[in-house]
Amino acid sequence: SQQGEEDPQALSIQEGENATMNCSYKTSINNLQWYRQNSGRGLVHLILIRSNEREKHSGRLRVTLDTSKKSSSLLITASRAADTASYFCATDASLIKAAGNKLTFGGGTRVLVKP
Amino acid sequence: DTEVTQTPKHLVMGMTNKKSLKCEQHMGHRAMYWYKQKAKKPPELMFVYSYEKLSINESVPSRFSPECPNSSLLNLHLHALQPEDSALYLCASSQGRSPTGGRETQYFGPGTRLLVL
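From first to last, the protein sequence lines stand for chains S and B. According to my numbering, the first sequence is numbered sequentially starting from 18. According to my numbering, the second sequence is numbered sequentially starting from 1152.
Just so you know, these hints were derived from the structure itself, not from any lab. All residues carry an ideal CB built from backbone N, CA and C; glycine is no exception. One should not assume that every hint holds.
Label pairs and their calculated CB-CB ranges [said to hold, decoys possible]: (1) B:K1173 <-> S:V61: 19 to 25 Å; (2) B:E1154 <-> S:R67: 25 to 31 Å; (3) S:G76 <-> B:K1192: 27 to 33 Å.
Throw the hints in and build the complete structure from the sequences for me.
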């Protein structure tokens, strides 16, 4: 079942603008991750934020996490045409101690960056 | 080598066929995953292997049969599939859980696009 809901479902911006997308989830989590997927190919991990962290940066990416509201946001600054992709949040609420974690993905945001 | 490879890239099969999807990683990861993704939908977890043993089966129909022959390989055997099984099948791997609970990032392969006629 889908744990996370993302909004907006689609976003169209001009190159150079910022893109912000939000993710909400329902249960307690260990961490929340953001992935990018280009046009039906494999997913690429972007950033992971743990439940005890509030903000994280990686290059042009900024992620926030508010566990009291069960929500996260991903900001892409100074967007480029190459940022055109679908972006998914994924929550890890694994209880198992063995190797492997169970990720539950949100519905995704399709971002189009126009040159 | 930081890559997960999947073969074939595309597969067309009839409902009576038997086929297999293959996934390989050489990163020393001890957890491997199969996901199914329909168009414009998020990936849905099917199976998790932990140290070559099946640890999670998300109530997947028995016409999908996973196999982990060794720590680098993961197969998905397909038999008597239905047209609604047409999707992108993604394999992923991760290092596995450390004592501090880290290393949860999953590395995905490019996927196999499956069409069932």
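Outcome of the hint check:
Roughly 21 Å separates the CB atoms of B:K1173 and S:V61, a value that falls within the hinted 19 to 25 Å. In this structure, B:E1154 and S:R67 meet the distance hint of 25 to 31 Å, their C-beta atoms being roughly 26 Å apart. For the hinted restraint 27 to 33 Å between S:G76 and B:K1192, the CB-CB distance of approximately 28 Å keeps it satisfied.
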